Amino acid sequence: MLDSADVLSALHLVYTIYSVAIILLFGWLAFKLTGGKAKGLLRPKLFYSYVALLVFIGVTIHILTFNTIPWVSNDLKRNEIKPEQTFHIEVADHKFILPQKKLMIQCGKTVLFDLDSKDLTYGFGLVRHDESLVFQIQVVPGSKNTLLWQFHKNGTYNIRSTEYSGPKGASMKVDGAVEVVGCKDTDPRAS
Amino acid sequence: MSFVNEFVNGNEGGLKHEGLTPVQKVTLRTVVVGLLFYGLTAIEGMMMRVQEIEPFLGTDHFFSVMTVHPIVGIFGSTYLIVFGAFVFLVPYLMKKPLYSIRIANITWVLIALGALTSWSAGFLFSYAPLYTLYWPLPVDFNQFMPAAALIFVLGIAFIMIGTVLFIFNIFATVFYTERGHEKRPIKPLVLSALGIDGLLNLLRKLRKKPPYSKDPAVSLPVAAIFRGSIDTLFDAFVILSVGVLLLVYIIAKMTGTSMDASSIDALLYKNWFWWGLDLIADGLVLIYVAGAWYLLASLITGKKLYMENVARAALLIELIVSWGVWSHHLLSDQAQPNMMKLASGEMITAFELVTQGIAIFVTLVTLWSARPLKMTNPLKFLLGGMLGFALAVPAGILQADLGLNRILHNTQWIIGPHVHVAILVGLTMTLHSAIYLLFPILTNGGKLWSQKLANFHFWAHLLGGIGMGAFMGMAGLDGMLRRSWYVNGEFNTYMILAGICGAFLLFAWIAFIFNIVMSVGLKGLIGIFLPSKLKTKDTLPEAA
Ligand code: HEM
Chain U
102 MLDSADVLSA LHLVYTIYSV AIILLFGWLA FKLTGGKAKG LLRPKLFYSY
152 VALLVFIGVT IHILTFNTIP WVSNDLKRNE IKPEQTFHIE VADHKFILPQ
202 KKLMIQCGKT VLFDLDSKDL TYGFGLVRHD ESLVFQIQVV PGSKNTLLWQ
252 FHKNGTYNIR STEYSGPKGA SMKVDGAVEV VGCKDTDPRA S
Chain H
467 MSFVNEFVNG NEGGLKHEGL TPVQKVTLRT VVVGLLFYGL TAIEGMMMRV
517 QEIEPFLGTD HFFSVMTVHP IVGIFGSTYL IVFGAFVFLV PYLMKKPLYS
567 IRIANITWVL IALGALTSWS AGFLFSYAPL YTLYWPLPVD FNQFMPAAAL
617 IFVLGIAFIM IGTVLFIFNI FATVFYTERG HEKRPIKPLV LSALGIDGLL
667 NLLRKLRKKP PYSKDPAVSL PVAAIFRGSI DTLFDAFVIL SVGVLLLVYI
717 IAKMTGTSMD ASSIDALLYK NWFWWGLDLI ADGLVLIYVA GAWYLLASLI
767 TGKKLYMENV ARAALLIELI VSWGVWSHHL LSDQAQPNMM KLASGEMITA
817 FELVTQGIAI FVTLVTLWSA RPLKMTNPLK FLLGGMLGFA LAVPAGILQA
867 DLGLNRILHN TQWIIGPHVH VAILVGLTMT LHSAIYLLFP ILTNGGKLWS
917 QKLANFHFWA HLLGGIGMGA FMGMAGLDGM LRRSWYVNGE FNTYMILAGI
967 CGAFLLFAWI AFIFNIVMSV GLKGLIGIFL PSKLKTKDTL PEAA
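So the protein lines, in turn, are chains U and H. Our numbering numbers the first residue of the first sequence as 102 and each following residue consecutively. Our numbering numbers the first residue of the second sequence as 467 and each following residue consecutively.
Please note that the accuracy of each hint is not assured.
[Unchecked claim] Below 20 Å or equal to it, Euclidean Cα-Cα: the simulated SDA-like pairs (lysine to any residue) are: (1) U:Lys274 with U:Asp215; (2) H:Lys840 with U:Lys245; (3) H:Lys1003 with H:Pro654; (4) U:Lys203 with U:Asp220; (5) H:Lys561 with H:Ile652; (6) H:Lys680 with H:Ile652; (7) U:Lys146 with H:Arg673; (8) U:Lys269 with H:Asp526; (9) U:Lys178 with H:Met806; (10) U:Lys140 with H:Leu839; (11) U:Lys146 with H:Ile826; (12) U:Lys196 with H:Ala727; (13) U:Lys245 with H:Met806; (14) U:Lys269 with H:Arg949; (15) U:Lys146 with H:Trp834; (16) H:Lys562 with H:Ala683; (17) U:Lys245 with U:Asp217; (18) H:Lys999 with H:Glu484; (19) U:Lys138 with H:Met841; (20) H:Lys918 with H:Glu472; (21) U:Lys254 with U:Thr169; (22) U:Lys140 with H:Lys769; (23) H:Lys671 with H:Leu657.
Hints were generated in silico from the structure; no laboratory data involved. Note that the structure is a prediction, hence the values are computed from the model and not measured.
Let's have the full structure, built from the sequences with the hints guiding it.
Here is the structure:
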């Protein structure tokens, strides 16, 4: 099962290849523009095919991620799915108030994080010990801020506020707040 | 000629400001002040860059710099440079006088004053709610002084009033009939300014009928300016409305009345504010930029634009698309309805790939059709600008995806490869292309002091901008959040590299300004702020 580290590595690779390709293309164009001789205009057919390609890419990206990134469909259907574990977390005065000192999670269980801000807009993110992100959501006061998640690797994670809530909230963090147990695999960046 | 002499009098006699028309002067004033604000933005940017390597500022100070940096950058710099250029281009392209030179002068003064006022709220009183103003942070008086909030809001109000005046001036210039001229009919002007004529031409072509209008009433760049200004206007109203709300809370606090922040729905507020704010990023910037590319391409090549009707229609689509994309900023807000996330956040947003892709393609083919071209400063900066958007738009489309946003939102990815590459490489290089192109026209034949410095400006800016974005992006993919710094040096390698690239950007600006000052001379520079001796409403002096 893909996790955030896999998706981010894939994104890193794809975007790097794209960036290098487009920079080279512009370099080549810049070089070519100063030489040669124009031979008439490009046929409109080519132009419309290019536009169709852009539409295709724009739509396909989302279809592709919907079918490959595991958390998307659960997220969209989270109001219909009954969670196996629920954690109500309050955020107030730049602090996370956890229901237990450490949130223990069983591997593969559907977990609902239910966040409630009593004052400002915050963020709720889970990070590994090397700071890489597992997920994040916004915690908006007066709104229902829930996230359904399944963990497939053992590990201990820190909670971080991923939204700025004023200078007082600059380092809102709870170390080792979440622990996942019972999986075959262990997250090497979270142990 | 000695260096000091050149510095004072300029290159080959420098700028003879006595020969400038009032429109040339107001344009130059607006652009010069915008360029100075850009320098302030870059200095602030470098302060933050250093902080993210080796913290040297206190928390309050760091975040107040981060609050004013985009205000000064977007309004003080970008708005002024763009507005300055358009105040010249609209009358120049429409071959009729600017509606009001006085309003154009009030515009730049108000915006500059507003940017300085908001900046002082951060500089003097450490006001730091950041430009996103998430409710109820701007009125959290446990963290900020009410007086600081008041100063900040007043500054923004000045900027927005200046903006509304600019739009009025542009719209009036498009539609009014100058004295002595036969009455200009409004209907073709409206249809053309909105791009409806392009759409009708396309539809009639499909039905094999003659075009609706062979000679559009408004040229394509002016149509782009007009359409972008519609977004600018909506955005000004939204920001003003938020300002009024903040003002109510600030005044209540100052007069000892307590007002409950929870009476405002934070999510609804966020939707409203982002709808307006996004009209800048995904509306007027993209539309103005596309218009600028079309103009630059036709001026550089002297040729008609490839697929002009499609480009006209695409600008109209871009305007409509820009009204429906704001939810991509709320993909991590779980109470935002799924339908809004899917439709506005993902699908409508994906159309920006199409509209911006069309603009790049049309511009490139137009350039290609005029080969061989000389690699002038306007051409190379234009190519740099298009490359910036070719990098930043796909980065944006990727983060506007439900799956990827879960792990990209609020990381350095957003603010690096997307925001700074779009602003610094895409937008700024486009603006610099226009400045290099218009420089001789606006200065009545002024000559650039050093081509070597212009080359340095280009390479340092391009490599600095792309490099800074890339290293911020890599840090973001490794989990580094934006609006944070890490005390244990977790991301130091990336931040040092981003810092070096940031320094390139700052040096590029210094080289550019130095080159401009040496070209026009200090006397010429000061002279543009003196009243024009020519009593004319014409855009250019008669001899030009
Ligand atoms: C010229 C050199 C520039 C440098 C070195 C620079 C650097 C930075 C840095 C370090 C940050 C903080 C990133 C973070 O950790 O969250 C930042 C944020 C930002 N910058 Fe720049 N910047 C530059 C120019 C500009 C310009 C010209 C604009 C706008 C026209 C701009 C718009 C922004 C915005 C909107 C933010 C986000 C602020 C926030 O998160 O509230 N920057 N910049």
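Results for each hint:
For the proposed pair lysine 274 of chain U and aspartate 215 of chain U, the alpha carbon gap of about 17 Å is at most 20 Å, so the pair holds. Taking the CA atoms of lysine 840 of chain H and lysine 245 of chain U, the gap is about 59 Å. The hint is violated against a cut of 20 Å. For the suggested pair lysine 1003 of chain H and proline 654 of chain H, the alpha carbons sit about 25 Å apart, so the restraint of at most 20 Å is broken. As the CA atoms of lysine 203 of chain U and aspartate 220 of chain U are separated by approximately 24 Å, the hinted pair breaks the 20 Å bound.
Our distance criterion of 20 Å between C-alpha atoms is met by lysine 561 of chain H and isoleucine 652 of chain H, whose separation comes to about 17 Å. A distance of roughly 17 Å separates the Cα atoms of lysine 680 of chain H and isoleucine 652 of chain H; the hinted pair therefore holds under the 20 Å criterion. A hinted pair counts as satisfied when its Cα atoms are at most 20 Å apart, and lysine 146 of chain U with arginine 673 of chain H qualifies at roughly 17 Å. Note on lysine 269 of chain U and aspartate 526 of chain H: the hinted pairing holds, with a Cα-Cα distance of about 9 Å set against a maximum of 20 Å.
Using a Cα cut-off of 20 Å, the hinted pair lysine 178 of chain U and methionine 806 of chain H holds, with the two alpha carbons roughly 15 Å apart. The suggested pairing of lysine 140 of chain U with leucine 839 of chain H holds, with an alpha-carbon distance near 14 Å, which does not exceed 20 Å. Taking the CA atoms of lysine 146 of chain U and isoleucine 826 of chain H, the gap is about 17 Å. The hint holds against a cut of 20 Å. Our distance criterion of 20 Å between C-alpha atoms is met by lysine 196 of chain U and alanine 727 of chain H, whose separation comes to about 19 Å.
Restraint check for lysine 245 of chain U and methionine 806 of chain H: the C-alpha separation of about 16 Å stays at or below 20 Å, so the hint holds. A distance of roughly 13 Å separates the Cα atoms of lysine 269 of chain U and arginine 949 of chain H; the hinted pair therefore holds under the 20 Å criterion. Distance restraint check for lysine 146 of chain U and tryptophan 834 of chain H: the Cα-Cα separation of roughly 17 Å lies within the 20 Å cut-off, and the hinted pair is therefore satisfied. Straight-line distance between C-alpha atoms of lysine 562 of chain H and alanine 683 of chain H comes to about 13 Å, which keeps the hinted pair within the 20 Å bound.
Between the alpha carbons of lysine 245 of chain U and aspartate 217 of chain U the distance comes to roughly 7 Å, so the proposed pair stays at or under 20 Å and holds. Between the alpha carbons of lysine 999 of chain H and glutamate 484 of chain H the distance comes to roughly 6 Å, so the proposed pair stays at or under 20 Å and holds. For the proposed pair lysine 138 of chain U and methionine 841 of chain H, the alpha carbon gap of about 15 Å is at most 20 Å, so the pair holds. Taking the CA atoms of lysine 918 of chain H and glutamate 472 of chain H, the gap is about 17 Å. The hint holds against a cut of 20 Å.
For the suggested pair lysine 254 of chain U and threonine 169 of chain U, the alpha carbons sit about 18 Å apart, so the restraint of at most 20 Å is met. Taking the CA atoms of lysine 140 of chain U and lysine 769 of chain H, the gap is near 14 Å; set against the 20 Å cutoff, the hint holds. About 18 Å separates the Cα atoms of lysine 671 of chain H and leucine 657 of chain H, which keeps this hinted pair within 20 Å; it holds.
Hints 2, 3, 4, counting from the list given before, are not met by this structure.
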